[in-house]
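4 protein chains.
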Amino acid sequence: MTRQTTPTAARSTSTKGHRIMHIGLIGLGKMGFNMRERLRRAGIEVTGYDRNQDLADVASTDELIAAVPAPRIIWIMVPAGEITDKVVAELSEKLSEGDLVIDGGNSRFTEDQRHAALLEDKGLRFADCGVSGGVWGLENGYGLMAGGDAADIERAMPVFDALRPEGDRADSFVHVGEVGAGHYAKMVHNGIEYGLMQSYAEGYQLLAAKDIITDLPGTFRAWQKGTVVRSWLLDLLIKALDEDPGLETIDDYVEDSGEGRWTVEEAIANAVPAPAITAALFARFESREDSSPAMKMVSALRHQFGGHATRPAK
Amino acid sequence: MTRQTTPTAARSTSTKGHRIMHIGLIGLGKMGFNMRERLRRAGIEVTGYDRNQDLADVASTDELIAAVPAPRIIWIMVPAGEITDKVVAELSEKLSEGDLVIDGGNSRFTEDQRHAALLEDKGLRFADCGVSGGVWGLENGYGLMAGGDAADIERAMPVFDALRPEGDRADSFVHVGEVGAGHYAKMVHNGIEYGLMQSYAEGYQLLAAKDIITDLPGTFRAWQKGTVVRSWLLDLLIKALDEDPGLETIDDYVEDSGEGRWTVEEAIANAVPAPAITAALFARFESREDSSPAMKMVSALRHQFGGHATRPAK
Amino acid sequence: MTRQTTPTAARSTSTKGHRIMHIGLIGLGKMGFNMRERLRRAGIEVTGYDRNQDLADVASTDELIAAVPAPRIIWIMVPAGEITDKVVAELSEKLSEGDLVIDGGNSRFTEDQRHAALLEDKGLRFADCGVSGGVWGLENGYGLMAGGDAADIERAMPVFDALRPEGDRADSFVHVGEVGAGHYAKMVHNGIEYGLMQSYAEGYQLLAAKDIITDLPGTFRAWQKGTVVRSWLLDLLIKALDEDPGLETIDDYVEDSGEGRWTVEEAIANAVPAPAITAALFARFESREDSSPAMKMVSALRHQFGGHATRPAK
Amino acid sequence: MTRQTTPTAARSTSTKGHRIMHIGLIGLGKMGFNMRERLRRAGIEVTGYDRNQDLADVASTDELIAAVPAPRIIWIMVPAGEITDKVVAELSEKLSEGDLVIDGGNSRFTEDQRHAALLEDKGLRFADCGVSGGVWGLENGYGLMAGGDAADIERAMPVFDALRPEGDRADSFVHVGEVGAGHYAKMVHNGIEYGLMQSYAEGYQLLAAKDIITDLPGTFRAWQKGTVVRSWLLDLLIKALDEDPGLETIDDYVEDSGEGRWTVEEAIANAVPAPAITAALFARFESREDSSPAMKMVSALRHQFGGHATRPAK
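Protein chains in written order, with my numbering: chain A, 2 to 315; chain B, 2 to 315; chain C, 2 to 315; chain D, 2 to 315.
Only chain A is shown next, with the shape it has when bound in the complex (with noise of 0.2 angstroms):
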């Protein structure tokens, strides 16, 4: 019942009496709300839990697992580190022989090792899913990068199919590898994203400080066809302008979620040159500094050797 292309080919199937693919999904945040939702338009089946019970199907991770019918395939999207380490630890008691736990968070690639070993002790199955798409993928579909056995893959490809856009599946979906590889990639497609926003916001900086563009929004938006730098992102920057050409509603403050971190985490431990990539990280933590010591100290030495006055600190 493996869909080749389409979410409306899993849907037709199901309404010739097969068997509906009935999944759980832990997780209804931001992305999981929308996964489900997606899951559910492609003819998937779908119990959901989230310790928010407005958002939850059942009441606990327990009614979850009743209500899915064996061999489980239990679908993970809850934040990374600690929340996502609880939950594996419960399935890996509460789950039966032959069940799988797909990991589709945003977890670290090194966690997932553990994570299959901690279910494998107990005859579950792991793999792990990044994906990438954010709020446009309930539209959209989302891109998907799985690490994990071939079979356990396979067994999932109608969840996979579902949730990535209608085309072929080459374009949206790969195996990456073995379990963990999943995550690696798309954690270097984070750090990249990082690289490639960075890119686009100095360019935006470059042209605002420039007083003879007068058509700033424009000149991003003439660059959407025919040009080299055309993209997603570039599309969105222009939605970002046309809500607020000067972007004076939005604050330089800017966070980081894991995946930039651990991306240059990799580019240290494999001897991997990544300025770009890096410079786009450094460029968050700046911008979060209310003041910056290390500034502070240049100054201070300015003012040492060469008697430059230093301004008072505010």
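Hints in this document: simulated from the structure, not taken from any laboratory. Worth double-checking, as some hints may not be accurate.
Note: identical chains are not told apart, hence a pair may lie in one copy or across any two.
[What the hints assert, rightly or not] Taking lysine-lysine and the DSSO-like style, the derived pairs with C-alpha atoms no more than 30 angstroms apart in a straight line are:
1. Lys315 x Lys31
2. Lys87 x Lys240
3. Lys240 x Lys315
4. Lys123 x Lys87
5. Lys315 x Lys123
6. Lys31 x Lys95
7. Lys315 x Lys87
8. Lys95 x Lys315
With chain A fixed as given, assemble chains B, C and D onto it according to the hints.
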């Protein structure tokens, strides 16, 4: 007779007996040659001149000027710097009052005002136009960024409309500002392009360095739909890996062609931090070094203080 | 009467009845004021002019020229750019054939050849001299990098010897090359200085961020003797922390004064990667931004694709 | 018997009949060998062990423990990581309650707490000490950064005093904080060292690239006295150029040894921007690449969009 949206519009008006636009095009290299073809397909008459007589329609600039009806539009598409200077100087001597010269090459924006002033002294008009799209522009259309007086830009609009992709003009053409603004926008566009390429390239190297990634080309291919990093450059990257999955036939020597350097110089001149774009530029410099004097010095210093062995020069 | 090693030598020859060198000094700011004092302590007669009459020995350039015996040495120590241009232009009109002008300010090396040509037309000589040492130069002596013809450099050697620290001339003075080479070397010196300060400053911030470091100033102090990173700048850093252990009175706003920018521009012009020096320059640009347009854009993009909350602008 | 300022003090007390301190030293490589010698010159008795029997005073760790009177001080000076782990584990089995182990190698600070806990279980004490000074430490003395409990640090003070240069203790020794703080400070010290070396090296390459610089070694030499960039590393740079003015015998391949990587990892962990130090690290990575996969990709992309020729791989 301004065409609002499509090249075919321009062609159809010409069949209705309106005067067909006829322009001169100087420079028929990789870009100019394709642009002549695209203009002709859109129903614009083009007389092209190039020093390479195999490509040229006429044997000299004089013949070109004689062939194009006044008031003329002459589009220059020759290498920036000395050659563009020479062509502009020659045109300033030979054109008639009211003729319009458009520099579509990759001139530095600072050259434009000089060229405009030189031509204005002779009663001639000048506009600059950044052109993006590379070898794909013939089929896809070019992204265009124009600088100059509104009346001059309006006058050349059929040419811009023919060169750009079909669809809304604002998606592929912008009148950025006064003379020089078009090339400024194109310069920043190319600076961003440097940063985008470097970001993908760093990600590529990271994925290539990790043995758990067993389908490297497939990973990039799966990013085409749905992910945040999808772009035209990503499509080209996939095409490059299709042609040579390990890039084994390609050396790591990368040229740079001016706009990247100028972008960083403008960043400096305007006190705009541009670390990602600059990282991309420096990476190219490094790629061209047979041996780095700086790193010889670091090696020498490590030897001096720590007794760390240096490698003998090859 | 060239003094080989020490300022006292110059002084002693003068007491033996030799002609005492007498030079003109234009510009008595932080640097020029101290240099006049150091020259006088070494037995060189100095007539100083400054627009600030409280500092000046004479009321005008004309009076200065009248006071200094020909063939004259006139040392310029005024801000680079327009003011130096103006002083050189005035001297080119008023000096006598064979007089030697030395620009000891922080002019860009590209200015030197222009100044030399202007003076040469009037039969005047020109040399450039990079001067390092800041406010400590009065007591410690200055490091000097001279550019010009050998004969001109030799003629001014008593001045150089008086300005530099005692000891071997080669440890504090170099005739780098032709006109402009002195300022080029000084420019690179300052570029290195940017990188050194940034490196210490980054280390400072890292130590300050870590709670297990309970004696931060003491850590730097302990690096003064014995470690690989010991330097004069480290001594000043310790002094700064002595005066204000948490740098609490100092703002993180850092100016830049030309040489850093020129160094990066020369790196670009010569295709030399200079990532550390450039990082130091960009860090200063960032330090002066109240709000970063680039980081507003990154925040806007994250919001667009991921629904990540932006912070409202303050 | 704490010596306040000079090694000779320690020696003289020993001649007055006081008990001579006697410690064990494990690891007699480039650093340990010299340190044994310096300790002995200061009147401290040292029993040294190394796997290389040509260097060792005893044939085994057991013999070393037997030779050193309890309560013992055992200084470890072996490569960080597995070898240090192994030595600490062995000592934890063999030492007697109250013995103090000092790790003077380049261990990551995160290892120290693990080692301390392991030893504490057996009633043993642990301190860490960052040691800087390289091969020059034998003659100049070492800069020392210690972490641990005050009583342990105090107990080992005669050792620290013997190792560091004469003069005020605070100029070359610091008790940075608890266990791990010494190695943390040393790690940051080395990160700064990376940045300093890279800064000089970039300046060197810039000067070397410019033909108007006719005395390159002389320029560096003239910076030794008086300039802002004078430092011990500059002295070594001059020495390196004395030995090989064009660095022609030295390859540009540069190793890195852990602390630089850890510094950047700590920068990331603490959200501290460290662009100059990171640039220095990445420059070393680049120096070791025969061919850059990233730059192959940039070349491939330029070819794809612009038809720019790629160079065939060598």
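Hint check results:
no. : hint            : result
1   : Lys315 x Lys31  : between (39 angstroms within a copy, 26 angstroms between copies)
2   : Lys87 x Lys240  : neither (38 angstroms within a copy, 42 angstroms between copies)
3   : Lys240 x Lys315 : between (36 angstroms within a copy, 22 angstroms between copies)
4   : Lys123 x Lys87  : within (16 angstroms within a copy, 34 angstroms between copies)
5   : Lys315 x Lys123 : neither (59 angstroms within a copy, 52 angstroms between copies)
6   : Lys31 x Lys95   : within (26 angstroms within a copy, 57 angstroms between copies)
7   : Lys315 x Lys87  : neither (44 angstroms within a copy, 38 angstroms between copies)
8   : Lys95 x Lys315  : neither (57 angstroms within a copy, 49 angstroms between copies)
When each numbered hint is compared with the structure, violations occur for hints 2, 5, 7 and 8.
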